[in-house]
Amino acid sequence: MLKEGQIRIPSGCAISGIISREGKPINGRDIVESIRVMHDRSNGLGGGFAGYGIYPQYKEHYAFHIFYDTQEAREECERFIDRHFDVINLSKIPTKKIPAITDEPLIWRYFVSPHPTKLADSQLDESEFVARCVFRVNTEIEGAYIFSSGKNMGVFKAVGFPEDVGEFYRLDEYEGYSWTAHGRYPTNTPGWWGGAHPFALLNYSIVHNGEISSYDANRRYMEMFGYRCSLQTDTEVITYIIDYLSRKKGLSLEETANVIAAPFWSTIEKKPEEEKLRLTYLRNKFASLLITGPFSIIVGFEKGLMMLNDRLKLRSAVIGEKDDRVYMASEESAIRAIEPELDKIWAPKGGNPVIVTVNE
Amino acid sequence: MKIHACDYTDFRELNQAVGESADETVVIDRCVGQRYIGCGISGKEIQITGTPGNALGAYLDGGTIRLKGNAQDATGDTMNDGKILIDGNSGDAAGYAMRGGKIFIRGDAGYRAGIHMKAYEDKIPVLVIGGKAGSFLGEYQAGGVIIVLGLGAEKTPVGNFCGTGMHGGKIFIRCKRLPHDLPPQVKARRASAEDLSSIEGILSEFCKEFSVSKKELENEHFYLLTPDSANPYKQLYVTN
Chain W
1 MLKEGQIRIP SGCAISGIIS REGKPINGRD IVESIRVMHD RSNGLGGGFA
51 GYGIYPQYKE HYAFHIFYDT QEAREECERF IDRHFDVINL SKIPTKKIPA
101 ITDEPLIWRY FVSPHPTKLA DSQLDESEFV ARCVFRVNTE IEGAYIFSSG
151 KNMGVFKAVG FPEDVGEFYR LDEYEGYSWT AHGRYPTNTP GWWGGAHPFA
201 LLNYSIVHNG EISSYDANRR YMEMFGYRCS LQTDTEVITY IIDYLSRKKG
251 LSLEETANVI AAPFWSTIEK KPEEEKLRLT YLRNKFASLL ITGPFSIIVG
301 FEKGLMMLND RLKLRSAVIG EKDDRVYMAS EESAIRAIEP ELDKIWAPKG
351 GNPVIVTVNE
Chain V
1 MKIHACDYTD FRELNQAVGE SADETVVIDR CVGQRYIGCG ISGKEIQITG
51 TPGNALGAYL DGGTIRLKGN AQDATGDTMN DGKILIDGNS GDAAGYAMRG
101 GKIFIRGDAG YRAGIHMKAY EDKIPVLVIG GKAGSFLGEY QAGGVIIVLG
151 LGAEKTPVGN FCGTGMHGGK IFIRCKRLPH DLPPQVKARR ASAEDLSSIE
201 GILSEFCKEF SVSKKELENE HFYLLTPDSA NPYKQLYVTN
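Chain order of the listed sequences is W and V. Just so you know, we're using the numbering used here here: the first sequence kicks off at 1 and counts up by one. Just so you know, we're using the numbering used here here: the second sequence kicks off at 1 and counts up by one.
Quick caveat, the hints were computed from the structure, so don't treat them as lab data. Here the structure is a predicted model, which is why all the values come from computation and not from measurement. There could be a bad hint or two in this list.
What the hints assert, rightly or not - A partial selection of chain W residues facing chain V, derived with a Cβ cut-off under 7 Å:
id	residue
1	Lys313
2	Ser316
3	Ala337
4	Ala347
Yeah, the Cβ is synthetic: ideal placement off N, Cα and C, and Gly gets one too.
The task is simple: from the sequences and hints, build the whole structure.
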């Protein structure tokens, strides 16, 4: 099969997210029912979900979800994992055979902790050590792809319509404090299991509707810091940008949003002096990380979700609120489907991030 | 005829049922995201509750669509005639490229309302927004009338970049202060008595449909935005 970069398929997409501000458990069924409403925004070439707070019994360990094309790839990858990590538990991810989902790779899950000696020898902090291991597997072991690597969270994705993907992974057996979902209508690139959304690195995950015109500029900049884009899919680079700005540079998510969806110079010009300086600094310092083109994204992170539009708002985004829950989706109907009576419903402005976190 | 939208997960089947109904009035309840409702039809009244999907009343060619609830994106896309009444808010791009008929929105509209509206002879589309409009109101407007009433709004009820690329038609905004960033190709002035009399009928109709007091509209003046000349973009892109 021709993969990302070898073929161009023109295209839309659907995104949805739910979070409980009180950290109450939300069954995976809810997010599946939400994304199901937007079936027509996808074309069956990819669907996926990210759940946070789903592995409380292993919350101190990194949960690797891995696709393998072959048993040999699994054996080679497991040798690598054994050299670098202590494996607390490993198993196939439970799935349900359904006619709508076919040609699945081997899908495994490992709960791991970095090997103490290896970690000490690397002189890296723990998260950087784990991230580098993920990049090594994904770029150096043919047929192995770690598509989820955070703690107490996990990504579930496949080729198919999202509602079928949810059934395939038996998401009604999971509960978490937040969920995101994606229905794919591939833009320029083919649908394959690794190319489905969400894209994740450590605890960050991204679902994205849109097409990024600045992809190559963003990618070249990120490669200077060791982020290797192996999929030629625009969403992959957004994941790395968020990881770089938030985890490595220590920017807040608001500041990260001000970099990737920076206001126009003409808008900055009209801001009060201090705000003007702040926005100018961020635009200049990270000029190559401005993301242009249409996008709406939901970023999942530990204890929170962020929804963000491109500054021109060329993709739709709606926020609904009901009691402790906040809903985010491409369409209002995807929210009404699971919560008909909302306290509040509104549309964020282009470039203005909506950040919701679980109360501590 | 009464249709429970929840019985139709596929929008094609729902729209077929609407189209094939011999009744003049079709009631659709519990709508959840079904697209293209009333697409291209004429001569019917469709009453909807719930949240219909994108492109409600696209290519509408007559008749009336009444929605109790919020509309999503691209309501009345390229509509030619008829009336769409939204007793709620609208998503982005309401009245996209409409060339006839009327869209009344009781609440707020999202980004790009009235983008690329056009007019030809007696075909003059009308878009009225009761509350606020998002950024890029009337982007590339080529004809027709857009009215923003700003009911309940504390500040100028339009977002940034209002009238960008406008080269025809009129935008009326009921407000104290003009938007701060009008493009140079758009000129603005206080609406005269004559300007206002041209929309008098539309305002009465809007007030009647949504039980808004006409008096309330009189306590604030209107500004009128029009393109600066017949060819305001001369030499902006090419020497012409």
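- Message: Would the hint on Ser316 of chain W be counted as holding, given a Cβ-Cβ threshold of 7 Å to chain V?
- Response: 5 Å, holds
- Task: Tell me if Ala337 of chain W is really an interface residue toward chain V, meaning its C-beta lies closer than 7 Å to one of theirs.
- Result: 5 Å, holds
- Any CB of chain V closer than 7 Å to the CB of Ala347 of chain W? 5 Å, holds
- Message: Under 7 Å is the threshold here; is the Cβ of Lys313 of chain W close enough to any Cβ of chain V for the hint to stand?
- Response: 5 Å, holds
Consistency with the previously given hints is maintained throughout, with no hint failing.
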